[in-house]
Amino acid sequence: MYTKWSIFLILLFFSPSIWAQPFNTAKADEYIERINSFQRGIGSVAIYKNNKVIYARDFGHQLVGEDQQAPHLYHIGSITKMFTAVLIYQLVDEGKLKLDDRVASYFPELNIPNLFMIKISDLLSHTSGLDDYTCYEDDFYWLRESQSEQAIQENITQQGTPHFGLKKKNFFFSNTGYYLLARIVEHKRQMSYDEAVKKYIIKKIHLENTYTASDVLPYPVQSYQLFDQWEAMDEISFENTNGVNDLISSVDDLAQFNQALFSNKLISKSSLASMKPVPYKEKYGRGMMYYLYNKKNFVGHTGGTFGSFSLLYYSEEEKLTLVYAINGAAFSHYQLFDALLAILYAKKYTLPQFDTIPVTDEQLQHYVGSYHNPQLDLTIEFVIKKNKLFLKPSGCNRYALLDAVGENTFRSPEGTVTYSFIPQNNQVTVQQLKANFILNKVDPKK
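Okay, so the sequence shown: first residue is 65 according to the working numbering, each after it adds one.
Since the hints were made in silico from the structure, they are not lab data.
Here the structure is a predicted model, which means the values were calculated and not measured.
A hint or two may mislead.
[Unchecked claim] Here are the simulated SDA-like cross-link-like pairs (lysine to any residue), alpha carbons at most 20 Å apart as the crow flies:
(1) K91 to K347
(2) K347 to Q399
(3) K160 to N178
[Stated by the list, open to error] Derived Cβ-Cβ restraints for the label pairs, each shown as a range:
(4) A464 to S210: 21 to 29 Å
(5) Q488 to I118: 52 to 60 Å
(6) S278 to F237: 20 to 28 Å
(7) F237 to Q293: 27 to 35 Å
(8) E158 to I502: 20 to 28 Å
(9) K456 to L281: 48 to 56 Å
(10) E381 to H436: 42 to 50 Å
(11) Y409 to K233: 19 to 27 Å
(12) A90 to E272: 29 to 37 Å
(13) L281 to K329: 48 to 56 Å
(14) D202 to K333: 39 to 47 Å
(15) S210 to K233: 56 to 64 Å
(16) E158 to Q495: 22 to 30 Å
(17) F87 to Y348: 25 to 33 Å
Just so you know, even glycine gets a beta-carbon here, dropped at the ideal spot from N, CA and C.
Just need the whole structure built from these sequences, with the hints factored in.
Structural data, given as structure tokens:
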């Protein structure tokens with residue numbers, strides 16, 4: 065007959081929800097060292113189990129003279145939205161606002177269709193229908209220059225609610241929504257967003273290496289892009305993105321923020337439950353994303369600016385936190401995340417490939433121009449910058465560096481999309497996973 069103790073031991077050792085295997089640091093080091101040896105990335109990665117570090121690695125900082133900085137600081141992009149969501153839920157916990165409050169009541173000056181129907185919860189969940197104010201007339205880089213609040217609000221008004229769905233709420237990742245949430249925080253707290261996030265999060269849980277856009281930093285926090293060598297990038301003017309993607313932090317501080325959030329030191333249990341996406345039903349909750357790996361549920365957020373990329377994910381079931389921050393990426397940071405998960409759970413993964421061939425500027429000229437597929441209503445453009453070929457997708461998207469991997473053949477750094485040019489036919493074949501399609505050059509004479 066089993067005793068209660070023996071049953072407990074069986075559950076302890078055989079339950080699939082218990083993560084017990086040691087982390088294979090050698091495999092993780094091998095993966096990151098491959099990035100490092102090819103000089104393809106700059107960043108930091110860390111994994112925490114029960115709030116204790118089980119793996120941490122910095123890489124590539126010597127390439128740009130940052131190896132003596134401690135700790136390494138990064139623009140965390142849209143992980144800032146988690147902080148903003150927490151500030152909103154703190155106001156909910158204090159009874160100072162409700163998720164059902166209408167957004168229009170806070171912004172009577174905004175003449176936007178459907179705004180009177182939009183709730184604060186819609187802003188949190190990216191289902192408001194609002195567009196993305198960080199883009200202006202398909203110009204992804206307009207916020208490199210500091211803009212007035214009036215100019216930003218005029219752009220928000222002009223964009224309107226193109227993604228609004230009356231019968232069904234449509235998901236569209238809207239920076240505009242979180243810009244408005246940050247302004248609501250300012251209105252309710254009667255202080256700037258920077259002051260609010262410092263008082264109610266940064267100082268409250270003693271984040272020693274987290275900064276706002278208005279702070280004086282201990283050293284410059286820069287992003288880089290790889291040409292023949294790593295070069296500093298012009299970043300966004302972060303004072304225009306308060307509450308959207310402006311915060312600066314370290315991987316250890318992000319893990320500490322995550323620990324405080326999930327131990328209810330920042331918001332109530334009910335508010336935390338509301339923030340989280342519903343597994344298998346929602347990809348995005350109200351300030352958190354959902355990621356499924358091999359039937360393992362993770363919640364958190366990712367972030368990106370012009371040249372930085374960040375990720376913070378947490379498994380409540382296994383008390384497991386994965387975080388990285390990267391300020392120079394000529395590799396797939398998403399594949400790095402999947403590889404770390406594969407190493408954690410002893411699954412298969414592949415090492416990154418960086419085999420490239422030299423290409424002259426004269427050769428690259430054959431590929432320059434716009435290409436179009438009318439059936440897909442897709443237009444992409446190829447340009448040359450500093451002897452490198454870049455892809456410019458249609459719409460408001462950043463330029464992406466392409467690696468030359470064969471004659472007339474280029475690949476995205478993440479290795480998932482290949483572009484095979486046929487110069488004599490003025491065509492390019494795009495291969496993505498199992499899908500292939502051809503685009504024709506719009507004006508072959510150019």
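Self-check item: Structure versus earlier hints - violations, ascending order
Solution: Numbers 1, 3, 8, 9, 11, 13, 15, 16 - these are the hints that the structure violates, sorted from lowest upward.
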